[in-house]
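Q: Taken in sequence, the protein lines are chains A and B.
Counting in our numbering, the first sequence runs from 1 upward without gaps.
Counting in our numbering, the second sequence runs from 1 upward without gaps.
Honestly, I wouldn't trust all of these hints.
[To be verified] Simulated DEER-style distance windows between Cβ atoms:
no., chain 1, residue 1, chain 2, residue 2, range
1, A, E86, B, E72, 19 to 27 angstroms
2, A, V61, B, G11, 40 to 48 angstroms
3, B, T26, A, R27, 17 to 25 angstroms
4, A, V127, B, V14, 27 to 35 angstroms
[Said to hold, decoys possible] Computed list of chain A residues with no C-beta within reach of chain B, every gap over 12 angstroms:
no., residue
5, H7
6, R27
7, E48
8, G58
9, S97
10, E124
[To be verified] Okay, derived cross-link-like pairs now, DMTMM-like style, lysine to aspartate or glutamate, Cα gap no bigger than 20 angstroms in a straight line:
no., chain 1, residue 1, chain 2, residue 2
11, B, K42, A, D37
12, A, K136, A, D63
13, B, K82, A, E70
Everything labelled a hint here was simulated from the structure, so no lab data went into it.
Glycine included, C-beta positions come from ideal geometry on N, C-alpha and C.
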Amino acid sequence: MEKLKLHYDVDGEDFTSAGEASTDVKRVLRRLGFDSDTMRRVAICMYEGEINLVIHGGGGVADVEVDENEIVIVLVDHGPGIPDVEQAMQEGWSTASQTVRELGFGAGMGLPNMKRYSDEIAIESTVGEGTTVTMKIRPAG
Amino acid sequence: MTVKQLAETLGLEVLSMGDEPDREITGGYVGDLLSWVMGRAKSGDCWMTIMSNVNVAAVAELADVACVILAEGVEPDEPLAKKFDTIAAAVFRSPMGSHELAWRVHDAAGV
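So that you can see chain A by itself, here it is in the shape it has in the complex (with noise of 0.2 angstroms):
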């Protein structure tokens, strides 16, 4: 299979269109015939990821490769940057709004679920700068 690149672009604070750039990777990996767990590990780590560029980044890109031994997601923001990684990374560490919460995100699960669904995350932050955030999925067997 050669690389298949996609690209979208995340609007900040669009609650409505969340989850699109999300449903189109997942729609392209079952037209190439992934297994529904890679599928399904794929969607996860993208919509946190989403979720994340709309929630704290203001809006942001991501790029997925795809090829048939991995899939890479990498997404970038230019928002507030995350001060301590280590901590935000444990469960339940938010830093969301109450709006935020009321539409039920900000459980503090965003990059824990990243974490868990991937086979290896990378996380460069610099505060004032933005964030990026890649991740690598592979197919089992």
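On the provided structure of chain A, position chain B as indicated by the hints.
A: For chain B alone, coordinates are given in the frame of chain A:
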């Protein structure tokens, strides 16, 4: 038990029958925190929630649940209602609370 049979057995209001009315329900999940549901609900689950905003559609689609039941008679907001036709999962509504629904789904579908 299939999605359609569940709706009939429990007398659920059908907001959308989804793409697969004959899909088998293989489990159940109750939750309103969407990231929690996203990470824990399983493919084929019947998901019961009081959340009624547009993100319910994305979570249902991406987590690949068989159906969603909006509990306590919550009214889906307009952006969510518009999404029903675009997701594979069926969407139902019931005046019952999540606890009673979970008990009844367990009883009816054996999950």
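Q: Taking the hints in turn, state whether each one holds.
A: Tested hints:
A C-beta distance of roughly 38 angstroms is found between E86 (chain A) and E72 (chain B), which places it outside the suggested range of 19 to 27 angstroms. For the pair V61 (chain A) and G11 (chain B), the supplied restraint of 40 to 48 angstroms holds, since their beta-carbon distance comes to about 46 angstroms. The beta-carbon spacing between T26 (chain B) and R27 (chain A), approximately 23 angstroms, falls within the hinted interval of 17 to 25 angstroms. Restraint check, V127 (chain A) to V14 (chain B): a C-beta distance of roughly 49 angstroms breaks the suggested window 27 to 35 angstroms.
No beta-carbon of chain B is positioned within 12 angstroms of the beta-carbon of H7 (chain A); the least distance is around 19 angstroms. Chain B draws R27 (chain A) into its interface by the beta-carbon criterion, the shortest separation being 10 angstroms against a cut-off of 12 angstroms. Separation of E48 (chain A) from chain B is inadequate, the least Cβ-Cβ distance of about 6 angstroms not exceeding the 12 angstroms criterion. Every beta carbon of chain B lies more than 12 angstroms from that of G58 (chain A), the smallest distance being close to 18 angstroms; the non-interface claim holds.
For S97 (chain A), the shortest C-beta to C-beta distance to chain B comes to about 15 angstroms, beyond the 12 angstroms cut-off, and the non-interface label holds. Separation of E124 (chain A) from chain B is adequate, the least Cβ-Cβ distance of about 22 angstroms exceeding the 12 angstroms criterion. Note on K42 (chain B) and D37 (chain A): the hinted pairing holds, with a Cα-Cα distance of about 10 angstroms set against a maximum of 20 angstroms. Restraint check: the Cα-Cα separation between K136 (chain A) and D63 (chain A) comes to about 12 angstroms, which is no more than 20 angstroms; the hinted pair holds.
Under the criterion of a C-alpha separation no larger than 20 angstroms, the hint pairing K82 (chain B) with E70 (chain A) is inconsistent with the structure, at around 34 angstroms.
Against the hints set out earlier in the document, violations occur for numbers 1, 4, 6, 7, 13.
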